[in-house]
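S.K.: So the chains spell out like this:
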Amino acid sequence: MAQMNMIQALNSAQDNLLAKDPNVIIFGEDVGYFGGVFRVTAGLQEKYGKQRVFDSPISEGGIIATALGMGVNGLRPVVEIQFSDYIYPAFDQIASELAKLRYRSNGMFSAPVTIRTPCGGGIRGGQTHSQSPEAIFTHVAGLKVVMPSNPYDAKGLLIAAIEDDDPVVFFEPKRLYNGPFDGDPHQAAIGWNTHPKGEVPEDYYSLEIGKAEVVRPGNALTIVTYGTMVHVAEAAVKAAGIDAEIIDLRTLLPLDIDTIAESVNKTGRCVVVHEATRTSGFGAELSAQIQESCFWRLEAPIERVTGWDTPYPHAMEWDYFPGQQRILDAVNKTLQGG
Amino acid sequence: MGNRTKNRLHIPDAPFRPGDKPDFSHLDIGVAGSVERPPCNSKPMEIRDLAYNLVRVLDDDGVAHGDWNPNLNPDVLREGLRTMLLTRKYDERMFRMQRQAKMSFYLKCTGEEAVAVASTMALQPADMLFPTYRQQGAFIARGADLFQEMMCQVMNNELDPMQGKQLPIKYSSAEKGFFSISGPLTTHFPQAVGWAMAAAYKGEDDIALAWTGDGSTAEGDFHYALQFAATYRAPCILTVVNNQWAISSPQTIAGGENTTFAARGIGYGLPALRVDGNDFLAVYAATQWAAERARAGLGSTLIELYTYRVEGHSTSDDPTGYRPRNEPEFWPLGDPIERLKDHLIQLGEWSQQQHDELAQELEDYVTECWKKVDAMGNINDPEYAHIHSAALFEQVYKEMPPHLRKQRQQLGR
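Residue numbers (the working numbering), protein chains in the order written: chain B, 1 to 338; chain Z, 1001 to 1413.
It should be emphasised that the hints constitute simulated quantities derived from the structure, not laboratory data.
Model, not experiment: these values are computed from the prediction.
Any given hint might turn out to be false.
Unchecked claim - Distance condition first, Cα-Cα at most 25 Å in a straight line; then the derived DMTMM-like pairs of lysine to aspartate or glutamate:
id, chain 1, residue 1, chain 2, residue 2
1, Z, K1202, B, D15
2, Z, K1372, Z, E1158
3, B, K47, B, D30
4, Z, K1170, B, D92
5, Z, K1176, B, D258
6, Z, K1170, B, D165
7, B, K197, B, D258
8, Z, K1202, B, D258
9, B, K211, Z, E1394
10, Z, K1398, Z, D1075
11, Z, K1398, B, D21
12, Z, K1202, B, E163
13, Z, K1202, B, D55
14, B, K211, B, E163
15, B, K20, Z, E1399
Put together the whole structure using the sequences plus the hints.
M.R.: Now the structure itself:
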């Protein structure tokens, strides 16, 4: 075991697979010589050579399209889209090509591409470095969508994503790269060395895609969340002394509805929390599926805590970001309902 | 407003519209044999004029000229002729059957057979093809099973290799190196470059060839392809089939008015050729030249194949709404099948009688395949809609996730 932050854990995952499988190659903007603007691929070009880890033109559509072609020709490409805010030029190649290739060729062709992309806010990044577009990709048949919330999960899930024979969009909550975040920007930042999931094996291991985790057991209500908000929700209920059960989805598609339903059927109350905008956000899908599975056990309406339906702001970032108080307001409303 | 500026939008038009008398004498098509063939290892900067000329080998009498003549064995020429003719017979039959409502959709490649067939024949079997929907000739050249891999796909019947998942004519064959055809054009262009990059990464000699159209060079994907091809020297041949029309939009709307599509390569430092796409020998020779470069580690070539779309875009299109009905008859570069036939006859390797016999033989073969397919039913049969229901949820993912298993149970099939 070693102490790792999420950057080191993601780096270690790629290091392990570059060593294990000669068909794994890594490319993207600034990922080669420099090692990525967030340093997630630092040292990998030096260790494995330029044929395997290299810089790409600033062309997200080209990155995904060429990765698809490489996947068809036997490689297992891992590509980085530098910020998920920049993924939209590649959307056609992801949604209509990469996700559909296996289906449209009835399995004759497929491409095991992993798309790593930093997402989410809380870093003073403004509109074009803070977006959370995960729900858009959960609407695409043929994709898998993963978002870890800690270094241990990040490494195990990235290894699973790279080894998966279907395309995976792997979102990395960039506010969590260097430490867990409780939603209060005025507190001093803490590192992953304070968190048990900052303990990460240096060797190969993988975690199954499609499995949520109960990160805090409880009986009063269920909070369903993922990414950065896992830690904000944990801090909120801890401070308020609420006996909440918190589920970290880890994978959004395919969704582990069984783990969610088991918890909500037990607690009878549910709050869904995400950082992304509200309307047609992934919380809408969660609310729908939870009421389909748990309607007769619900004691109160399902609440959603989300970012507002505005573009991600700069100066007003902490008005936008759904912090502890917004979560507690929803939790209390749910506890009082019914 | 109009008084203050000379600026007006320039809206390019087609050369002729319904009611006009077509006359292509303004086109500079050069003379067969007049363009020199540079060595395959030439630097792109030294051969830029090739992007503006037109490589032609066959003249109007079927005589081959110049150093682009690939000097092919007559057996190869007869094979090319046979493949192009089979492609046309297949198209004619399928088009008629669509008109009889046997299938939802069809699309012909009439006049563009050489573009697909000669390019494919100039490559090795392990080279990968990235076609558009108008390169059925390439699939036939790769030995596609006309009955099962093509007609059954078009009919979406129970032997359809894609099990009803794809629109008619969107063929696919991993075994024959024929990449799954997507709906739009050019998405596959940078994918072909990626395939070629993987070949180079693995140290293999295989190369990729992709076709796209004049209209879709306007897509970003076209430029992604050229960008990555140039940056990484991917062993790939990128061809633009300039057939003058993108549904109803003339190639001038795609920016073909003031330059050539081949010249798009120059800005990326790629060698670029402009070739008579109705000349089997010229297409073959240009592909050979580019393939030799690619296998020598010199990277990609952009080739504009200058041709003409003789028929409508598809069975859903009526070209008389936007161009003169008789425009195809005036196209100055003739018909690729007739031109290769004339060449073989001129060489003393073929005769009109042999040609007529071959045409009859191929037509009979297509009819025989069609009868087998037709006996299997079509979309007008009420039960036909459900023959692939069991496959609806398969191949979305390699393994079916729980939510799809649940949905399959809900469908109840």
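S.K.: Evaluate each hint against the coordinates.
M.R.: Structure-based check of each hint:
1. Z:K1202 x B:D15: Holds, at roughly 20 Å.
2. Z:K1372 x Z:E1158: holds (13 Å)
3. B:K47 x B:D30: holds (16 Å)
4. Z:K1170 x B:D92: Given pair Z:K1170, B:D92 holds - Cα atoms ~18 Å apart, limit 25 Å.
5. Z:K1176 x B:D258: This hinted pair is violated, its Cα atoms lying about 43 Å apart.
6. Z:K1170 x B:D165: Holds: Z:K1170 and B:D165 sit about 23 Å apart, inside 25 Å.
7. B:K197 x B:D258: Between B:K197 and B:D258 the Cα gap is close to 24 Å, so the pair holds against 25 Å.
8. Z:K1202 x B:D258: The given pair, whose Cα atoms are some 43 Å apart, is violated under the 25 Å limit.
9. B:K211 x Z:E1394: holds (22 Å)
10. Z:K1398 x Z:D1075: violated (44 Å)
11. Z:K1398 x B:D21: Roughly 20 Å separates the two Cα atoms, so the pair holds.
12. Z:K1202 x B:E163: Answer holds: Z:K1202 to B:E163 is near 19 Å, not above 25 Å.
13. Z:K1202 x B:D55: Measuring from Cα to Cα gives roughly 18 Å; hence the hint holds.
14. B:K211 x B:E163: Since the Cα atoms of B:K211 and B:E163 sit roughly 16 Å apart, the hinted pair holds (cutoff 25 Å).
15. B:K20 x Z:E1399: The hint holds at about 24 Å.
In terms of the numbered hints stated before, the structure departs from hints 5, 8, 10, listed from lowest to highest.
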